[in-house]
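Fit chain V to the given chain G structure using the hints.
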Amino acid sequence: MSDLTALGLCAAAAGLRARQFSAQELNEAHLQAIEQAEDLNAYLVTTPEQALAMAREADRRLAAGEARPLEGLPLAIKDLFCTKGVATTAASHILEGFTPPYESTVTAQLWEAGAVLLGKTNLDEFAMGSSNTTSHFGSVVNPWTPADSLVKLVPGGSSGGSAAAVAARLCLGATGTDTGGSIRQPAALCGIVGLKPTYGRCSRFGIVAFASSLDQAGPLARSVADCALLLQHMAGHDARDATSADRSVPDYATALTGDARGLRIGIPKEYRLEGTPKAILDLWQQGMAWLQEAGAQIREVSLPHTKYALPAYYIVAPAEASSNLARYDGMRFGLRVPGKDLIETYAKTRAAGFGAEVRRRIMIGTYVLSAGYYDAYYLQAQKVRTRIKQDFDEVFQSVDLILSPTAPSAAFGIGEKQDDPIQMYLNDVFTVPANLAGLPGISVPAGLSAEGLPLGLQLIGRPFDEPTVLQAAHALERAANFTALPPYLTKAA
Amino acid sequence: MSLDEATVARIARLARIDVPAAELGPLARELSHIMGWIEQLNEVDTQGVAPMASGGALNLAWRADQVTDGERPEDILANAPARQDDYFVVPKVVE
Numbered sequence: 005m006s007d008l009t010a011l012g013l014c015a016a017a018a019g020l021r022a023r024q025f026s027a028q029e030l031n032e033a034h035l036q037a038i039e040q041a042e043d044l045n046a047y048l049v050t051t052p053e054q055a056l057a058m059a060r061e062a063d064r065r066l067a068a069g070e071a072r073p074l075e076g077l078p079l080a081i082k083d084l085f086c087t088k089g090v091a092t093t094a095a096s097h098i099l100e101g102f103t104p105p106y107e108s109t110v111t112a113q114l115w116e117a118g119a120v121l122l123g124k125t126n127l128d129e130f131a132m133g134s135s136n137t138t139s140h141f142g143s144v145v146n147p148w149t150p151a152d153s154l155v156k157l158v159p160g161g162s163s164g165g166s167a168a169a170v171a172a173r174l175c176l177g178a179t180g181t182d183t184g185g186s187i188r189q190p191a192a193l194c195g196i197v198g199l200k201p202t203y204g205r206c207s208r209f210g211i212v213a214f215a216s217s218l219d220q221a222g223p224l225a226r227s228v229a230d231c232a233l234l235l236q237h238m239a240g241h242d243a244r245d246a247t248s249a250d251r252s253v254p255d256y257a258t259a260l261t262g263d264a265r266g267l268r269i270g271i272p273k274e275y276r277l278e279g280t281p282k283a284i285l286d287l288w289q290q291g292m293a294w295l296q297e298a299g300a301q302i303r304e305v306s307l308p309h310t311k312y313a314l315p316a317y318y319i320v321a322p323a324e325a326s327s328n329l330a331r332y333d334g335m336r337f338g339l340r341v342p343g344k345d346l347i348e349t350y351a352k353t354r355a356a357g358f359g360a361e362v363r364r365r366i367m368i369g370t371y372v373l374s375a376g377y378y379d380a381y382y383l384q385a386q387k388v389r390t391r392i393k394q395d396f397d398e399v400f401q402s403v404d405l406i407l408s409p410t411a412p413s414a415a416f417g418i419g420e421k422q423d424d425p426i427q428m429y430l431n432d433v434f435t436v437p438a439n440l441a442g443l444p445g446i447s448v449p450a451g452l453s454a455e456g457l458p459l460g461l462q463l464i465g466r467p468f469d470e471p472t473v474l475q476a477a478h479a480l481e482r483a484a485n486f487t488a489l490p491p492y493l494t495k496a497a
Numbered sequence: 103m104s105l106d107e108a109t110v111a112r113i114a115r116l117a118r119i120d121v122p123a124a125e126l127g128p129l130a131r132e133l134s135h136i137m138g139w140i141e142q143l144n145e146v147d148t149q150g151v152a153p154m155a156s157g158g159a160l161n162l163a164w165r166a167d168q169v170t171d172g173e174r175p176e177d178i179l180a181n182a183p184a185r186q187d188d189y190f191v192v193p194k195v196v197e
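Quick note, the sequences are listed as chains G and V, same order. Under our numbering, think of the first position of the first sequence as 5, with each following residue one higher. Under our numbering, think of the first position of the second sequence as 103, with each following residue one higher.
These are computed hints drawn from the structure, not numbers from a lab. Small disclaimer: the values here were computed from a predicted structure and weren't measured. Not one of these hints is a red herring.
Each computed EDC-like pair below joins lysine to aspartate or glutamate, with the alpha-carbon atoms no more than 20 Å apart:
(1) K88(G) - D242(G)
(2) K352(G) - E125(V)
(3) K88(G) - E173(V)
(4) K393(G) - E145(V)
One side only, chain G facing chain V, incomplete, derived with CB under 10 Å:
(5) Y106
(6) A243
(7) Y312
(8) P315
(9) D345
(10) Y371
(11) R389
(12) I392
All C-beta atoms in this analysis are idealised placements derived from N, C-alpha and C, irrespective of residue type, glycine included.
Pulled out of the complex, with its shape left as it was, chain G reads as follows (with noise of 0.2 Å):
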């Protein structure tokens, strides 16, 4: 039965269909393949009891010929997405024992299509960070080791549970969130396919909010295919998140057309940075000449503002985060530790409960928006931010996307990276930009690093031009045949 593990959502979708296994058969499967894998720390929840309750439901459905689109299908959810009676965390410990009494839009709307919830999968704390490290849960182990190494790796953040669970056939697919790579660099880093829709594409409701206006929802899963099959059922208007679009929802399916014939694809000259491995300059080159062959033309282009993009997002993210993050103050649900009075309640519940990240992201974000301070730093930035859109806007007159590496790097240890902040954060260069810029964008995985570990390439496109990024993002994954499979699975075979 393990082999069911190993399947495609698309692929498990049409096995259901014909009756090949049934949905309790592959949901088991799944739960299964998660118990002997604790050691990756993927999943903060899992939750047996109510995944088999659904594919029962999915199996009688099938049967009666009722099957909805994603009927059957075992999910992980970011731990970031409120689930009704099912505990969420954000991976902070001042949400610890919270049980939200409502459910996410994305996630109401996957189980209106059928889909069955595995479990709640670890993450940076708040979505906070670029390798999963922030948890106060403990680190997610990424599944691909280098060759002939023991050593751990980090699988990216902030949605490294979901990536790993998904690269390690804990999951057929998982939900996850980007507010400034948090999609896309893991799903980098862990060899398989993420995609951040444009900002508004997805309900917000009901997820915990970082920075409100940069967080965005989106699908991790092991093929392009199963991705577009994921946002066409995560997309949508709600009325209960004025940002989200009210626009309606393209057939994605059909975009994934096999070639790039006549899409203009944009190369940014900015994003040649110094000191990146020749492994990723290679393979950026490569994937130039896989989409030329698919029929797509390439073009160098500048996007000038490109350096000031990460300076600009650690004012704009803080801000808004020490904004969002004020509701945690112990005295409604989550986390209270008593002080004298109620100021002191606020400062200790808040000491004890945020974890060294978020209080310093929770500090910079009140020092720049607090008097006399908010001109030179907020202001500023949310300008830069008007300039790094006008980049992109000017970009798209000529090109309908742009390609370049998802992450500066393969995946690093478990450890590496921690003493400065700052080299952290430039995990997110190249993924940033298309946060401040409201755009979509997709990581595929396309290659090998040196040491044996995968590396992705990332497509930007226009606002709401999904369909033109999968398309390009298929076009590259069928010409990249990325088949390597992590350590962790081949030695466990």
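Same frame as chain G, now just chain V:
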């Protein structure tokens, strides 16, 4: 931009995060390091540029001014650290 300990203490107070006195110095150095890196934003000419405050084109919709939810005290109080009847119990606010 260099932040001194007094500034960090002030930010901590504003952020309602208790920072022990011994941690103010290291935190000041850490935050100064990050803010120093951010300082490069001043190189960008933003004369006449409008600030971007939203992630997408803002097209705020109107809706009817109606109550659409409510009457769920049990849901709302389910995660309360302390409750009495249908109330949150909080530290004394008024002396």
